[in-house]
Structure formats: C-alpha cells, structure tokens
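**Q** To convert, count from 1 in the sequence shown and add 14; that's this note's numbering.
Just so you know, these hints were derived from the structure itself, not from any lab. Treat the numbers as computed from the prediction; the structure is a model and nothing was measured. From the three backbone atoms N, C-alpha and C, an ideal C-beta is built for every residue, glycine too. Incorrect hints may have been included.
What the hints assert, rightly or not - With a Cα cut of at most 25 Å, we get these calculated SDA-like pairs of lysine to any residue:
1) K277 x G349
2) K277 x T309
3) K85 x N185
Stated by the list, open to error - Here are the computed distance ranges between Cβ atoms for each label pair:
4) N185 x V326: 32 to 42 Å
5) G38 x V96: 19 to 29 Å
6) A68 x L259: 24 to 34 Å
7) G216 x R289: 56 to 66 Å
8) A153 x Y178: 44 to 54 Å
9) A239 x N185: 35 to 45 Å
10) G38 x P296: 18 to 28 Å
11) R289 x D24: 27 to 37 Å
12) V60 x G38: 18 to 28 Å
13) L350 x S323: 42 to 52 Å
14) T280 x D131: 37 to 47 Å
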Amino acid sequence: SFSRTLARADYGALFSATTVNAPGRPTALGGEATGNSGNPNLLPLVSDNLDFSAEWYFAPSSYVSVGYFDKRVRNFIGQGVVNRSLFDLRDPSSGAAGSNSGIAQGRLTSLGADLSDVNLFTYTALLIQNNGNTAQTDAQFNAQRTGPNGSLNQGFVDQVLAAYDISANGNDPLFNFAVSQPVNNREANIDGFEIAGQYFLGDTGFGIAGSYTIVNGDVEVDVGADPSIDQFALLGLSNSGNVTLIYDNYGVSARLAYNWRDKYLTQTNRDGSNRNPVFTAPFGTLDMNVSYDITDNMAVSFEAINLTSETVRTYGRSERQLYFAQELSPRYLLGLRARF
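When you get a sec, could you build the whole thing from the sequences and use the hints?
**A** This is the structure we're talking about:
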C-alpha cells in the first residue's frame with residue numbers, strides 16, 4: 015500500500031511571539047544580543063509511506079507474517095539562526111563611529127586604559143554626563159585610576175554603576191539580534207522489516223507468539239562530532255522484539271511475555287554549549303498476566319510487571335557518561351471484572 019501522511023508542527027513552534035535577550039557584555043567587546051521566535055510559516059511534516067505485508071495462516075489460530083515499510087519524511091523541523099534588527103532597538107554598546115561608546119572606545123585606547131566592560135561603561139557614562147566633552151571626561155576618568163596597573167577606583171565604579179543607565183540615541187546603530195527560530199530544514203528516510211508469528215498446539219490451549227522489528231534511519235547522531243555544533247538526528251529508532259507463552263483453556267487465560275528494545279536516541283544537543291546526545295540503554299521486561307472466568311460475567315485477574323527488576327539507564331556519548339539510572343521493582347496488580 016502507498017499512503018501520504020501530513021502532520022502540523024507543534025503549536026509552540028508556530029507562535030509568532032518574539033523575545034529578546036540583552037547581551038552579557040558590550041557588543042563592541044564581543045557581546046551578542048540574542049532572541050527567540052516562533053515561525054508561523056512552518057510547513058507540515060509530509061511522509062510518503064510504502065508498506066508491503068504477507069501473511070500465511072497454516073493452521074487455526076496459527077500464522078506467520080512478514081512486512082516491509084519505507085517512510086520518506088520531509089520538512090523535519092530544526093533550529094535556525096537569523097541575524098536581524100527587532101523593534102527598532104538601538105545598541106548603545108556597539109562602539110560604532112560617532113556613537114558615545116565608539117568615542118569612549120577611542121579615548122580609552124588613547125589613554126592606555128584596558129578595553130574592559132567596566133572601563134567602557136564608566137567612560138561612556140561620564141561622557142554622557144559631560145555632554146560629550148572628552149577633555150573633561152578624560153580628566154575625570156584619569157583622576158580615578160588609582161588601583162593597580164592604573165585600574166579605576168572600585169568605589170567610584172560602584173557609584174557610577176548605581177547612578178547611570180546608558181540609553182541609546184540616534185547615533186547608535188540598530189541591535190543585530192541573533193534570533194533562533196524553528197525552520198524546515200531536514201529530510202529523512204526510515205525503513206525496516208517486521209516478522210511475526212503465532213502457533214497453538216492443537217486444542218491444548220498452549221501457544222507461542224512473537225515478533226521482531228528492524229528499523230533503520232539515514233540520519234544518525236555522530237558521537238564523535240564537535241560538541242559546539244548542533245546535530246539533527248531521528249529520535250526513538252531502535253530494533254525491538256517480543257515473545258509470549260500463551261495458555262487459553264477452561265476459563266483460564268495466561269500470558270508470560272518478554273518485551274525487549276535496543277538502545278535508542280532520546281535527545282540531541284543536551285547540556286547547552288556541550289550539545290551532548292542522550293541514549294536510552296537496551297531494556298527488556300518479563301511480564302505475566304493470568305485471568306480466570308469465575309462465571310460468564312465475572313473474572314479475576316493477576317498481573318506482574320517487570321519480574322526481573324530491570325533498570326532504566328540513559329547516557330551520553332559513551333555508556334560511561336551516565337545521565338540517569340532508575341531501579342525498578344516488580345509491580346503486581348490484582349483485578350476483578352464484572353459485566354452486567
């Protein structure tokens with residue numbers, strides 16, 4: 015069979031709202047103004063699906079099946095960065111020629127002072143206070159250079175920081191925000207095989223069932239990649255399998271099942287600038303379910319989950335980079351079902 019599936023982007027990614035963040039230091043000294051925005055122009059995810067399956071029923075309640083699937087998905091959503099101005103906000107710390115911060119930067123160089131955040135802010139604030147008079151500002155600035163290596167008196171710096179807020183004016187350029195927003199920038203192919211079967215031993219009520227699925231994706235995370243670079247990879251892809259012992263007879267229905275899943279990628283770009291992937295380790299559980307029909311309208315049941323107390327673990331670029339581990343004990347459930 016062939017089908018096409020469409021899925022819209024998450025509502026949170028479609029919002030047009032934009033937020034801005036001030037730079038951590040003057041942009042003239044390497045600071046960067048950032049922002050975050052949604053993208054109402056995101057295209058829906060489109061998946062072209064091709065499926066083949068064949069089944070053979072060789073006995074009552076017994077069969078073997080095999081299937082193949084291929085999914086070609088486009089318009090995956092990644093993160094893009096666009097540099098642009100926002101809300102006509104101007105940058106008072108750009109160091110642009112003719113701006114207060116630009117004049118301050120030039121005068122600090124002439125005075126032999128360090129081009130530090132503190133010096134640039136202090137000189138700019140004094141320059142504004144003195145209505146642009148650089149000679150007066152030079153004298154006032156030099157008078158406070160009483161610390162080691164000609165650094166400013168800390169008490170004076172604290173006084174200026176408390177007294178002044180530097181505002182932009184028409185001589186300052188517009189802020190150049192690095193705006194992060196979701197974009198349609200990825201394609202991926204997913205394909206795999208599944209084999210399944212079930213067999214009952216005559217009329218005894220005993221049987222066995224099982225399946226195994228192999229999944230492949232063409233976009234995988236590179237654990238050896240530069241941690242400063244964002245990575246895109248398909249999440250949640252892994253091989254999986256199960257086998258179940260069955261008994262169904264004389265009002266008794268019992269299942270003993272083992273379900274297993276290979277390791278899979280849970281997350282990309284964790285830990286901020288380190289951009290580490292997160293994997294979930296292989297995990298398998300042995301579960302049991304038994305029910306008995308007391309009457310045609312009433313049944314009792316007992317269920318046990320994770321009989322072998324398997325542990326859930328997640329890790330980073332190697333299994334030694336453990337992020338999370340959870341010890342799970344068996345869970346037991348007793349039930350009563352009635353029909354009226």
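**Q** Which of the listed hints are not met by the structure?
**A** Of the numbered hints, 1, 2, 3, 4, 8, 10, 11, 12, 13 do not hold.
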